[in-house]
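Please build the complex by placing chain B on the supplied structure of chain A, with the hints as guidance.
There are 2 protein chains.
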Amino acid sequence: AQMSLEQGYEARREFDVRYRLLMRMTLDPILFVSVGRGRIKDLNDPAAALLGTDRESLIGAPFAEQFRDRRQEEFIEGLVNAALSETSSGVEVSARRSRKKIDIVPRILRAAGERIPICRIRATDDPERQLDELG
Amino acid sequence: AQMSLEQGYEARREFDVRYRLLMRMTLDPILFVSVGRGRIKDLNDPAAALLGTDRESLIGAPFAEQFRDRRQEEFIEGLVNAALSETSSGVEVSARRSRKKIDIVPRILRAAGERIPICRIRATDDPERQLDELG
Numbered sequence: 001a002q003m004s005l006e007q008g009y010e011a012r013r014e015f016d017v018r019y020r021l022l023m024r025m026t027l028d029p030i031l032f033v034s035v036g037r038g039r040i041k042d043l044n045d046p047a048a049a050l051l052g053t054d055r056e057s058l059i060g061a062p063f064a065e066q067f068r069d070r071r072q073e074e075f076i077e078g079l080v081n082a083a084l085s086e087t088s089s090g091v092e093v094s095a096r097r098s099r100k101k102i103d104i105v106p107r108i109l110r111a112a113g114e115r116i117p118i119c120r121i122r123a124t125d126d127p128e129r130q131l132d133e134l135g
Numbered sequence: 001a002q003m004s005l006e007q008g009y010e011a012r013r014e015f016d017v018r019y020r021l022l023m024r025m026t027l028d029p030i031l032f033v034s035v036g037r038g039r040i041k042d043l044n045d046p047a048a049a050l051l052g053t054d055r056e057s058l059i060g061a062p063f064a065e066q067f068r069d070r071r072q073e074e075f076i077e078g079l080v081n082a083a084l085s086e087t088s089s090g091v092e093v094s095a096r097r098s099r100k101k102i103d104i105v106p107r108i109l110r111a112a113g114e115r116i117p118i119c120r121i122r123a124t125d126d127p128e129r130q131l132d133e134l135g
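Chains A and B, in that order, give the protein sequences.
According to my numbering, the residues represented by the first sequence are 1 to 135, in order.
According to my numbering, the residues represented by the second sequence are 1 to 135, in order.
One chain only, chain A, in its complex shape:
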């Protein structure tokens, strides 16, 4: 969306930059997925590392294809249901490239008429980090 007001541009830019800074600073592996198309909208480096490749190759890629035996529609539907049910347990998957067992914790919020799902992922065999749920 193009903006014609300088003010709008600057406000947008501040959130944009804050958002990008936050993505760069977080060590938790985090992804944004588009519900409609089931593609990875954005992710941070730790998330890319867990999936076994780099960030650039994953932006725009179908999320389901990163895992074994997952069909796009059912997979995204499963994530949406898990997010809406707000259970603390995540969705367990097996990463295709890194072959790691991964636990996906999805959350969804609505913005600008679109549902934006955000997922925190984590290797289930990672002993270093306990997954303590927030709110």
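Rough simulated footprint, nothing fancy, chain A against chain B, three-plus residues with beta-carbon under 8 Å:
| id | stretch |
| --- | --- |
| 1 | 13–19 |
| 2 | 22–32 |
| 3 | 116–123 |
Calculated from the structure, these hints are not laboratory results.
These numbers were taken from a predicted model, which means no experiment stands behind them.
Glycine is no exception: its CB is placed at the ideal position from the N, C-alpha and C atoms.
Chain B in isolation, oriented as in the chain A frame:
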């Protein structure tokens, strides 16, 4: 900044929501600080917990006052210098409320004519988590 275009409003809202979602999902303790006033602009729950109180009491509070023996101007200047020098080592402080030893890793980016510092903090006596630096 008020916006008069619906489009600008929606674009702003998407980044706003993505930003807030990200702040809610991250388990890493993260804070945004305003350079000019040295106050906490925003932080997540894990950061508030590390400082020994809740998020609401800390938004807008002077950052330096959260630590022992830290004077506002010198403290913020120290953070800015650490961020600009891009050393991997952080700034060590002692939290006033929680009495925890904390390591602050600051980064700075410029947005909308303003420098926006973001800090990741961490209890230095936390054995569970290694602080591996990103980029």
